[in-house]
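Number of protein chains: 4
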Amino acid sequence: MGLKTKAEYIESLRGMKPTVYMFGEKIESVVDNPRLRAGIEATGATYELAETEEYRPLIVTESPLIHEPVNRYTLPPSSIADLVARVKINRLMGTRVGTCFQRCTGLDCLSALSIVTYDIDAKHSTPYFKRFIEFLKHVQKNDLTCNAGVTDVKGDRSLAPHEQEDKDMYVRVVERNADGIVVRGAKAHQTGSLSSHEIIVLPTRALRKGDEDYALAFAIPNDTPGLIHVVGRSSLDTRQLDGCDLGNLHYSKYCPTVIFKDVFVPWERVFMCGEVEFAVEMVNRFSAYHRQSHGGCKSGKIDCMVGAALTMMDYNGTEKAGHLKQKAIEMVHRAETLYGCSLAASYEGKKEPSGTYFIDTVLANASKIHEGKEMSEAGRLLVDIAGGFVADLPSDRDLAIPEVGELLKKYLKGVASVPVEDRVKMYRLIEKLVMESADTISDIHGGGSPEAHRITILRESNLKAKKDAAKRLAGIESK
Amino acid sequence: MGLKTKAEYIESLRGMKPTVYMFGEKIESVVDNPRLRAGIEATGATYELAETEEYRPLIVTESPLIHEPVNRYTLPPSSIADLVARVKINRLMGTRVGTCFQRCTGLDCLSALSIVTYDIDAKHSTPYFKRFIEFLKHVQKNDLTCNAGVTDVKGDRSLAPHEQEDKDMYVRVVERNADGIVVRGAKAHQTGSLSSHEIIVLPTRALRKGDEDYALAFAIPNDTPGLIHVVGRSSLDTRQLDGCDLGNLHYSKYCPTVIFKDVFVPWERVFMCGEVEFAVEMVNRFSAYHRQSHGGCKSGKIDCMVGAALTMMDYNGTEKAGHLKQKAIEMVHRAETLYGCSLAASYEGKKEPSGTYFIDTVLANASKIHEGKEMSEAGRLLVDIAGGFVADLPSDRDLAIPEVGELLKKYLKGVASVPVEDRVKMYRLIEKLVMESADTISDIHGGGSPEAHRITILRESNLKAKKDAAKRLAGIESK
Amino acid sequence: MGLKTKAEYIESLRGMKPTVYMFGEKIESVVDNPRLRAGIEATGATYELAETEEYRPLIVTESPLIHEPVNRYTLPPSSIADLVARVKINRLMGTRVGTCFQRCTGLDCLSALSIVTYDIDAKHSTPYFKRFIEFLKHVQKNDLTCNAGVTDVKGDRSLAPHEQEDKDMYVRVVERNADGIVVRGAKAHQTGSLSSHEIIVLPTRALRKGDEDYALAFAIPNDTPGLIHVVGRSSLDTRQLDGCDLGNLHYSKYCPTVIFKDVFVPWERVFMCGEVEFAVEMVNRFSAYHRQSHGGCKSGKIDCMVGAALTMMDYNGTEKAGHLKQKAIEMVHRAETLYGCSLAASYEGKKEPSGTYFIDTVLANASKIHEGKEMSEAGRLLVDIAGGFVADLPSDRDLAIPEVGELLKKYLKGVASVPVEDRVKMYRLIEKLVMESADTISDIHGGGSPEAHRITILRESNLKAKKDAAKRLAGIESK
Amino acid sequence: MGLKTKAEYIESLRGMKPTVYMFGEKIESVVDNPRLRAGIEATGATYELAETEEYRPLIVTESPLIHEPVNRYTLPPSSIADLVARVKINRLMGTRVGTCFQRCTGLDCLSALSIVTYDIDAKHSTPYFKRFIEFLKHVQKNDLTCNAGVTDVKGDRSLAPHEQEDKDMYVRVVERNADGIVVRGAKAHQTGSLSSHEIIVLPTRALRKGDEDYALAFAIPNDTPGLIHVVGRSSLDTRQLDGCDLGNLHYSKYCPTVIFKDVFVPWERVFMCGEVEFAVEMVNRFSAYHRQSHGGCKSGKIDCMVGAALTMMDYNGTEKAGHLKQKAIEMVHRAETLYGCSLAASYEGKKEPSGTYFIDTVLANASKIHEGKEMSEAGRLLVDIAGGFVADLPSDRDLAIPEVGELLKKYLKGVASVPVEDRVKMYRLIEKLVMESADTISDIHGGGSPEAHRITILRESNLKAKKDAAKRLAGIESK
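Chains as they are written, first to last, in the UniProt record's numbering: chain A, 1 to 479; chain B, 1 to 479; chain C, 1 to 479; chain D, 1 to 479.
Since the hints were made in silico from the structure, they are not lab data.
Just to be clear, a hint being listed does not mean it is correct.
Where chains are identical, the list cannot tell them apart; a pair therefore holds if satisfied intra-copy or between any two copies.
What the hints assert, rightly or not - Below are the DMTMM-like pairs computed for lysine to aspartate or glutamate, each with C-alpha atoms no more than 25 Å apart in a straight line: (1) K320 with E460; (2) K464 with E134; (3) K26 with D242; (4) K373 with E134; (5) K373 with E54; (6) K464 with E212; (7) K350 with E54; (8) K123 with D314; (9) K373 with E451.
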């Protein structure tokens with residue numbers, strides 16, 4: 001027990017036997033599948049950097065719960081400093097892996113649960129907080145990675161869960177017994193579900209009377225019987241499988257659909273069951289934390305994109321072009337905006353009754369609204385700066401063919417001083433950064449759809465104070 | 001001779017024997033390779049619709065040159081009506097194929113040549129216009145597709161062609177003899193080079209004294225000895241090869257790098273050779289036409305995207321969500337902006353000395369500037385409306401596995417009345433529309449880089465008239 | 001009778017005796033009030049340019065109705081060429097006066113009436129079209145300026161006209177008798193009502209059963225008894241009154257609220273009365289024409305703004321700054337976008353049953369949506385380029401004081417070669433172009449609110465065709 | 001001595017006798033001139049709130065220098081908490097006064113001087129820091145307001161100060177003697193110079209060899225002989241003078257040009273003189289602080305604008321319109337973005353050698369870049385929400401005329417339950433918020449031009465780290 005090395009982390013996954021399908025086939029060894037492994041490596045970087053002298057002080061801290069050093073990705077924030085550290089290590093990790101590292105969502109679930117289970121207990125005298133704390137100790141002691149089982153498949157979005165024709169479109173309890181509950185349904189976009197030891201399930205939306213069976217929170221190992229992970233397609237998914245033209249040599253992202261085929265959950269792992277009025281709080285806490293998280297990792301991803309843009313300017317001989325510098329500034333500005341708002345949300349956090357610190361939601365959502373709109377703009381700017389070979393660069397396999405490879409190397413060369421191989425690699429990385437769907441689409445839909453972020457900042461702002469200020473200046477008596 | 005059917009078009013390509021490499025292999029039959037065939041089908045649609053009663057009047061017209069019915073994609077515009085028709089059939093085709101149909105660039109070359117060869121002859125008493133007209137007759141009589149060999153690989157972009165360390169970074173003449181010339185170099189992003197019968201080469205930039213060997217225009221069949229087509233990677237390229245999860249069932253795009261390994265061009269196919277001061281005109285004419293073309297086809301592509309967005313709203317049960325309707329409006333607005341400016345550029349065209357009609361370049365570039373910035377925004381809006389399954393939808397192959405397929409179909413269902421298969425197909429199409437790199441990156445770099453479009457509208461505007469107007473209102477005497 | 005000179009136009013206004021209040025005072029002579037005169041001068045420019053050799057061919061044409069030369073601002077379009085001419089002369093006039101010239105709205109009313117009165121008659125056998133044609137002859141023969149009495153004051157916007165607590169919040173008939181009707185209500189934002197000979201009233205919104213008394217169209221002279229013009233405040237309104245620090249030496253805009261205090265309208269001037277189902281058509285036709293008009297005049301205004309920006313760069317010594325050139329390009333791009341879409345809307349117009357030509361509404365609204373968003377951006381860019389003296393430039397009166405004037409001239413100088421007076425004048429013009437409210441706010445609300453433009457392009461687009469295209473590509477059978 | 005009440009502040013200004021011209025006249029009593037008084041009232045609010053129980057804890061703190069309670073607007077930050085407090089009190093004040101309160105710039109000068117004088121001394125063994133500290137004590141003990149004399153008039157912007165034809169285009173030393181120095185030149189846009197007790201002069205740009213006479217920092221009372229304040233025009237400046245149609249009943253802004261006509265400055269008030277290499281640091285420190293300041297006050301101003309927008313929706317009966325709510329969200333988002341980035345810049349501040357805390361400049365500039373672009377967008381959104389009466393609302397004087405006033409009140413009414421007077425007042429406030437030039441143009445040019453902010457974030461970012469991250473992922477060995 002204790003902090004895991006990256007090697008130990010990967011071995012621990014090797015010991016799990018989840019049911020996995022991908023591209024029409026059953027996958028027997030998750031860690032040996034190159035596509036999945038690239039995701040596991042990204043999560044692995046959170047273990048790897050914790051081993052280094054340089055980054056360990058940032059990533060490792062003492063847990064006030066188990067009084068041992070833990071990886072921050074297992075630590076619900078118990079201070080402003082913890083909140084701030086989340087954003088900073090996320091930016092570090094985002095820059096490091098150039099994609100999603102797939103370990104923050106689990107922490108966001110832990111953080112939400114550490115608040116809401118306490119609040120439910122306070123009202124209902126339920127035992128959820130105690131159970132959760134036991135689970136959290138287990139996570140911290142074993143340095144586990146958790147996944148966020150939040151997004152239900154949703155069926156007809158104009159209908160509440162219990163109004164759906166098929167009642168399973170949101171994960172629900174289908175049986176309660178002495179030992180635990182049996183659940184059915186499916187969760188989509190399960191980023192890193194196979195890189196995680198535990199799947200934490202929370203509701204995905206506010207619920208109301210009639211939806212009691214859907215008001216559920218629990219945690220189970222990713223290889224629990226009845227759990228089926230189906231890894232879907234993403235836009236560059238065969239590159240890892242082929243081991244060619246990777247772009248990002250080390251890391252990638254994948255997001256299975258996870259089906260719960262009548263899965264048993266023991267009571268000690270159930271953290272909410274039927275308290276329908278707390279679903280909205282659970283969703284809001286999780287989402288707010290997750291939007292804060294994105295403010296860190298996505299600014300880190302833009303850092304990579306800026307680095308790629310500037311490097312390509314060096315390679316193309318355009319490093320002095322004023323209009324390209326302007327575009328690089330636009331990219332930097334977007335990174336700092338995400339980061340700044342997310343950081344401010346952290347510094348302005350407050351302590352909740354359970355002792356966990358929660359962020360300022362208006363500022364966290366302000367960050368996320370920018371992400372949802374501006375990450376694609378950052379990508380567009382990067383393509384603009386880099387040039388057209390992002391789209392149709394010849395394969396490394398063509399560069400290796402004798403009859404055409406040398407000609408390609410001749411013609412793909414940029415400035416004379418830079419090896420053509422480096423220019424090719426950088427184009428390939430840019431293709432990955434901009435055109436890989438699993439990662440880029442989370443810029444828009446990760447942490448809830450863009451409309452949710454917008455509604456939140458209006459709802460959470462003090463609108464009356466603003467109206468009163470305007471009325472005073474206009475000389476209107478406020479009631 | 002005369003108009004080809006789509007079947008005849010494909011057979012005519014089957015008769016050509018270009019040298020092609022893709023993904024480390026030599027491709028023997030272009031028309032039977034599914035990835036290339038998807039591109040050929042897109043171009044084939046320009047032949048197919050010309051056969052239909054509904055669209056023939058739009059696409060087929062009488063050539064004033066050969067006095068026979070020809071496909072408009074072989075017709076340099078000889079009237080305002082011809083200019084306008086270009087935009088309208090491009091929008092039609094863009095909507096039809098949902099990607100690039102790869103036949104407009106060749107026409108844009110023909111149109112540019114029909115002006116500039118005349119202008120060169122007027123100054124230098126060269127025989128280019130006559131040669132070109134013979135070539136044009138050949139194209140029209142045989143209903144050929146041409147490719148635009150414009151974009152050189154460029155090497156160090158801070159250096160002129162003759163200043164490069166490797167003199168071959170722009171296509172150049174390396175030998176002149178009695179029968180013709182020998183050329184060397186490479187052209188990148190050769191959209192549809194293998195769907196084309198002829199490769200038309202033009203310079204890619206303004207040239208100056210010292211660059212004479214690069215001031216070149218000519219046309220040769222795509223299987224001329226020494227021509228090597230290397231088909232590069234794009235983001236969903238293995239989908240066609242695997243025949244699975246296609247998205248767009250019928251069409252796609254590919255853009256080889258084409259290497260000219262000391263290729264012989266007979267004099268009758270040489271349309272410029274050494275008249276360095278005309279390079280800029282050639283580039284400007286071609287680019288302006290091509291930017292006008294994009295105003296049509298890309299608004300057509302947005303039409304598809306809007307259709308996909310609205311359909312997905314129907315399928316998800318979100319068709320009444322006001323904020324999603326607002327986003328659909330944003331998409332429609334972008335389509336109409338591209339279209340409106342491009343159409344206006346056409347209606348405001350003028351006759352050139354050779355008899356060809358040329359567009360208003362300020363308005364054509366106004367359209368293109370929007371494209372370069374707003375197509376990616378249209379894509380982002382589409383993803384926002386559609387939801388997260390654009391990123392990680394399970395493969396059709398998983399849907400076909402007995403043990404998991406039925407579960408997937410259960411959970412991927414949206415509104416009860418819509419077959420799950422339709423929802424899956426529409427998500428797959430959206431993935432293709434937004435995340436396929438060969439097409440989306442041409443939104444940014446097609447027709448020259450964004451900065452080129454911007455400089456053009458400043459240079460071509462009457463700035464003095466604007467200054468004079470301001471001075472008059474301010475009461476400043478203008479000099 | 002016949003075309004009026006500018007002098008005759010102004011004399012004809014002097015002969016009218018409207019009831020006018022401004023800033024707490026009754027105004028006896030409209031043409032001698034400097035604030036109103038600046039507006040009259042702007043409208044006067046449409047007469048003045050019609051007298052010049054250079055512009056007469058653009059502005060004057062033969063009326064197919066009276067078979068005499070008429071000013072185009074009295075001519076409902078009877079051909080595509082007429083539609084296009086509208087946009088071009090509007091751009092010309094917008095550049096010329098650098099603000100609203102206040103004569104297009106009346107023409108937009110005439111154009112709408114020339115279609116809708118015919119359509120009402122076709123259904124109801126009413127005599128409106130004939131009456132309207134007689135009125136139109138009067139306007140053309142006397143070269144009159146008309147005002148658009150469209151925007152009602154509206155009261156509670158969540159209620160229909162007949163649901164309002166005060167029934168007069170939309171102009172309505174309060175009495176019908178043998179000779180005519182008596183109307184009551186008020187119209188807001190009556191641009192140039194005192195520069196106009198005739199006030200044309202149309203409904204401002206779609207009406208339904210119960211709103212019959214509000215389904216009204218008519219025309220009356222601006223000095224009809226019971227009409228009261230109240231000229232409101234705008235942001236630089238005292239400059240004309242003081243005759244100092246004008247900015248635009250010649251022209252300005254004003255927009256009274258016009259109250260109809262039980263005004264009698266003879267039947268021969270009533271063009272709709274009670275045909276409630278045609279209100280929506282009247283509004284839509286007028287609005288579409290007016291949005292087309294703006295595409296011309298506002299691009300002309302941006303031309304002035306670009307001229308001012310470039311001149312100020314010359315005066316400040318910043319004419320080589322790349323980032324400022326980029327901003328000028330942004331301004332030019334906006335002008336051409338408005339213009340291009342509006343021009344395309346015109347070229348794509350169609351003949352209506354009455355013989356009048358109507359524009360493509362989708363494209364006209366595409367133009368207007370850009371205006372509503374981008375004019376303020378053009379202003380921001382202009383301020384950015386020009387520098388901070390737009391805000392707080394010392395008054396010309398301070399420059400004239402001996403003890404401080406010379407010092408100010410010393411310190412307000414830019415580049416040595418440009419007289420300080422010219423720089424001061426240009427700053428003052430920029431202040432007027434950007435900070436004058438009567439004109440700039442019409443960028444947003446003129447021709448209906450921004451939301452109206454957005455809804456229109458969705459409603460008028462062929463959405464089914466777009467969905468069908470997407471479904472075909474996805475392989476979904478369309479029903 | 002000690003904290004001043006607002007009344008004492010105003011009396012202290014009454015005791016000063018600056019030389020002032022405005023609109024062609026010499027102003028004898030600054031505090032009795034209604035236009036200037038509105039500015040003084042805004043600054044006065046910083047004194048007034050310090051007297052209140054509610055806000056005193058925020059605004060008043062103990063000075064580590066004089067160990068007495070001081071107003072934070074006299075306190076260079078000596079901790080992170082001080083940095084953060086700056087942003088928070090600025091937002092409070094911005095919301096309170098709905099315009100610039102004109103006291104932050106002086107503090108920004110004090111803060112910059114508290115760093116740079118120390119740094120200069122460290123290199124040159126000059127006595128600047130000690131002199132400055134004495135001055136600072138004086139400011140704190142007397143609760144003085146200071147003005148930022150930074151922006152020189154600049155002449156030809158392509159030339160350095162010493163290259164100008166007229167050497168006085170940047171403030172310079174023209175004489176040095178035993179008692180002090182004599183300076184000549186002019187500073188533009190001197191926000192609140194007459195509301196300030198002291199004018200603090202800093203250089204406005206980086207200087208180089210040859211510019212020694214321009215490397216100047218000093219402080220003098222605003223009525224020092226030779227100082228001439230010329231109050232320029234702004235867009236609603238006569239409203240205060242007329243006492244009518246004010247909009248903001250209490251507050252406004254004004255920005256004189258201040259001429260230094262051979263002004264004597266005693267040595268004890270000279271804080272830099274000739275150390276040309278420190279000019280850039282002085283500018284950068286001041287600018288960075290000032291950009292941070294704006295992040296607070298301008299988000300506060302948007303709060304007022306949001307309040308006005310929502311109130312107007314209540315008054316117009318449009319409070320349920322979804323598209324208007326979306327626009328209010330856009331406004332809120334902008335406020336929080338400015339605030340978040342500015343707050344983050346503060347929390348991430350660092351201690352300088354002198355003991356003063358300095359902010360993170362990248363984040364501060366990220367905030368300012370948004371301000372420069374988005375404040376005008378916030379204004380546009382407010383006008384869109386509010387409706388057209390922002391432009392041409394009848395004057396209160398017309399509402400007071402018997403024959404037309406009652407009619408106007410009838411027709412200007414919105415929803416039945418809201419007094420028409422309140423609706424009129426709110427429209428008038430919105431006019432002031434959006435169309436008043438002295439305040440709105442500082443959104444763009446305050447704290448340096450937009451390009452300066454952009455260059456700063458590129459220069460201050462760690463670009464090498466970003467390149468290295470990209471290279472590592474691409475597999476390129478970094479050098």
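Results of checking the hints against the structure:
1. K320 with E460: between (45 Å within a copy, 18 Å between copies)
2. K464 with E134: Neither, since 42 Å and 44 Å both go past 25 Å.
3. K26 with D242: both (18 Å within a copy, 18 Å between copies)
4. K373 with E134: neither (40 Å within a copy, 50 Å between copies)
5. K373 with E54: Neither: 34 Å inside a copy, 39 Å across copies.
6. K464 with E212: Classified as neither: same-chain Cα gap 34 Å, cross-chain 40 Å, threshold 25 Å.
7. K350 with E54: Answer is between; shortest inter-copy Cα gap is 21 Å, intra-copy 30 Å.
8. K123 with D314: Answer is neither: 61 Å inside a copy and 37 Å across each miss the 25 Å cutoff.
9. K373 with E451: For K373 and E451, both the intra-copy (11 Å) and inter-copy (21 Å) Cα distances are at most 25 Å.
This entry does not satisfy hints 2, 4, 5, 6 and 8, going by the numbered hints stated previously.
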